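Sequences are here, hints too, so could you generate the full structure?
Here is how the chains run, residue by residue.
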Amino acid sequence: AQSVTQLDSQVPVFEEAPVELRCNYSSSVSVYLFWYVQYPNQGLQLLLKYLSGSTLVESINGFEAEFNKSQTSFHLRKPSVHISDTAEYFCAVSDRGAQKLVFGQGTRLTINP
Amino acid sequence: NAGVMQNPRHLVRRRGQEARLRCSPMKGHSHVYWYRQLPEEGLKFMVYLQKENIIDESGMPKERFSAEFPKEGPSILRIQQVVRGDSAAYFCASSPIGTGVEETQYFGPGTRLLVL
Numbered sequence: 001a002q003s004v005t006q007l008d009s010q011v012p013v014f015e016e017a018p019v020e021l022r023c024n025y026s027s028s029v030s031v032y033l034f035w036y037v038q039y040p041n042q043g044l045q046l047l048l049k050y051l052s053g054s055t056l057v058e059s060i061n062g063f064e065a066e067f068n069k070s071q072t073s074f075h076l077r078k079p080s081v082h083i084s085d086t087a088e089y090f091c092a093v094s095d096r097g098a099q100k101l102v103f104g105q106g107t108r109l110t111i112n113p
Numbered sequence: 114n115a116g117v118m119q120n121p122r123h124l125v126r127r128r129g130q131e132a133r134l135r136c137s138p139m140k141g142h143s144h145v146y147w148y149r150q151l152p153e154e155g156l157k158f159m160v161y162l163q164k165e166n167i168i169d170e171s172g173m174p175k176e177r178f179s180a181e182f183p184k185e186g187p188s189i190l191r192i193q194q195v196v197r198g199d200s201a202a203y204f205c206a207s208s209p210i211g212t213g214v215e216e217t218q219y220f221g222p223g224t225r226l227l228v229l
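Chains as they are written, first to last, in my numbering: chain S, 1 to 113; chain A, 114 to 229.
Everything labelled a hint here was simulated from the structure, so no lab data went into it.
No false leads were mixed into what you were given.
Just so you have them, the derived chain S footprint on chain A, three or more residues with Cβ under 8 Å:
{"hint": "1", "stretch": "166-178"}
{"hint": "2", "stretch": "218-226"}
Here are a few chain A residues that face chain S, going by a calculated C-beta distance under 7 Å:
{"hint": "3", "residue": "Gly155"}
{"hint": "4", "residue": "Leu156"}
{"hint": "5", "residue": "Phe158"}
{"hint": "6", "residue": "Tyr161"}
Everything numeric in this text was worked out from a predicted model, so none of it was measured.
Every residue gets a Cβ at the ideal spot worked out from N, C-alpha and C, and that includes glycine.
Right under this line is the structure:
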């Protein structure tokens, strides 16, 4: 069965510093990959997704993630974070042809001024 | 276009009572998914429904939990005889087609259930 590992439960960084949130999944079969963001007391919002094509995907607010099939990873990066990026970030994977998403445990990103 | 609506946002129940969680999908979406988030954990898939059909309930506990998505009205996740271990955030998501997860799932704000 598919599983997702987010290696860091919490990541504190200073404002304007770069950040990388790591995500590894278990299966190398064809997958769809997602990053969702959850702001305090809110639901999940889709940040970006990889379905096919270019292995580097970007969001509108400066995040990017790269699908690495050989390492079964989909790490999320941002070159310069802002206070407003403080949230919990979830990596999710789905096997192609399946409907359900398998989520990682989440990474809490804290931005310090 | 309103997003996925869930109500109530917070629900408190005593052990043995029933909990009913409601989810109205986005307009034009006919596929609904329920996920549960236990404290300090990620979301876990529970069930996937289309109108009047349960498509995949592989993540549903075998007892006390049921889900429906009637022809009219919201999807309902029902938990009978709640226990403290049912305390969690329950999220609903919807998608427009659902034939593959290329149709993105959009999440509601969740219902936070507390069992006393």
